[in-house]
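Participant: Sequence:
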Amino acid sequence: MHTRSPKKLGENHLNQLIGEFLHRIDVALHEACAIFEHFTPGKVATEYKSGSDPVTEADRQLDSALRKALLRDGEGWLSEESVDDSSRLEKQYVWIVDPLDGTREFVTGIPEFCASIGLVKDGQPIAGGICNPATGEFFLGSITGGLQYNGNPKQASSRSELQGATVLASRSEVKRGEWKQFEDAPFKVTPMGSVAYKLARVAAGLDDATFTLTPKNEWDIAAGIALVLSAGGFARPLHQGRFVFNQRSPLLPGLIACGAGLREPLTEFLGSRDQIQVG
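The opening position of the sequence shown corresponds to residue 1 in the numbering used here, with each subsequent residue numbered one higher.
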């Protein structure tokens with residue numbers, strides 16, 4: 001008589017749980033797209049939070065719908081558009097959500113915005129989903145099941161050298177001149193809005209890498225990091241260490257994300273630039 005090992009039983013239970021989480025994410029993303037249909041990018045009434053951060057009625061509607069679709073008893077919640085509840089710090093599973101990442105692009109009509117849903121277990125990203133309603137792109141993945149892009153399996157870029165690589169840059173950082181220091185780089189720099197969307201594209205191998213020079217909040221990157229890792233890619237804070245999510249303060253340092261083959265070339269390139277200027 002053969003019996004399954006406790007480790008195998010644990011893996012099967014986690015796989016079953018993640019499958020259920022992914023179903024919730026998929027349903028929530030489709031609900032988000034239905035909400036987006038009620039708004040016309042570039043023609044949206046806009047308010048401003050602190051500083052110059054825009055917020056719209058779409059942000060609020062999306063936050064409410066995603067919370068209802070995703071959150072269950074015993075789970076934590078962290079969203080850009082929700083009042084933070086510190087009880088999340090005691091939860092094993094926590095949803096980290098940006099209902100509308102790339103609001104600046106949304107209000108100006110640039111098709112680089114998305115709904116971003118990340119799930120972490122004990123601080124580590126295990127599943128995520130991102131949809132860009134303007135382009136009809138769906139990214140869904142988990143560390144146990146890999147990544148799907150519009151329903152098809154995808155992996156991060158297999159490129160192993162920087163020469164000719166496409167690196168996505170923050171549109172805001174480029175506008176502020178922070179990427180001029182990379183004008184002599186061997187890779188091609190493409191400005192793009194929404195860090196979550198950039199990470200999703202890197203996860204699916206549509207672009208080779210991205211990195212940011214300014215701190216990001218957990219809701220900006222949790223889903224994207226989960227997708228990059230699900231697709232066999234590499235991601236870490238800009239200078240060193242690893243990401244741990246569901247912290248008391250959601251502000252995290254800049255990041256690097258790429259296909260596994262670019263891990264050493266990209267980190268060595270950035271590490272050799274002792275005078276990297278960050279915002």
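Be a bit skeptical, because a hint or two may be false.
As the list claims (entries may be wrong) - DMTMM-like, lysine to aspartate or glutamate: derived pairs with alpha carbons at most 25 Å apart:
#1 Lys188 <-> Glu161
#2 Lys216 <-> Asp84
#3 Lys43 <-> Glu20
No lab work stands behind these hints: they were computed from the structure.
Participant: Hint by hint, say whether it matches the structure.
Facilitator: Evaluation of the provided hints:
Simply put, Lys188 and Glu161 have alpha-carbon atoms about 12 Å apart, close enough for the 25 Å limit, and the pair holds. As the CA atoms of Lys216 and Asp84 are separated by approximately 17 Å, the hinted pair is consistent with the 25 Å bound. Between Lys43 and Glu20, the direct Cα distance comes to roughly 37 Å. Violation of the 25 Å bound is thereby established for this hinted pair.
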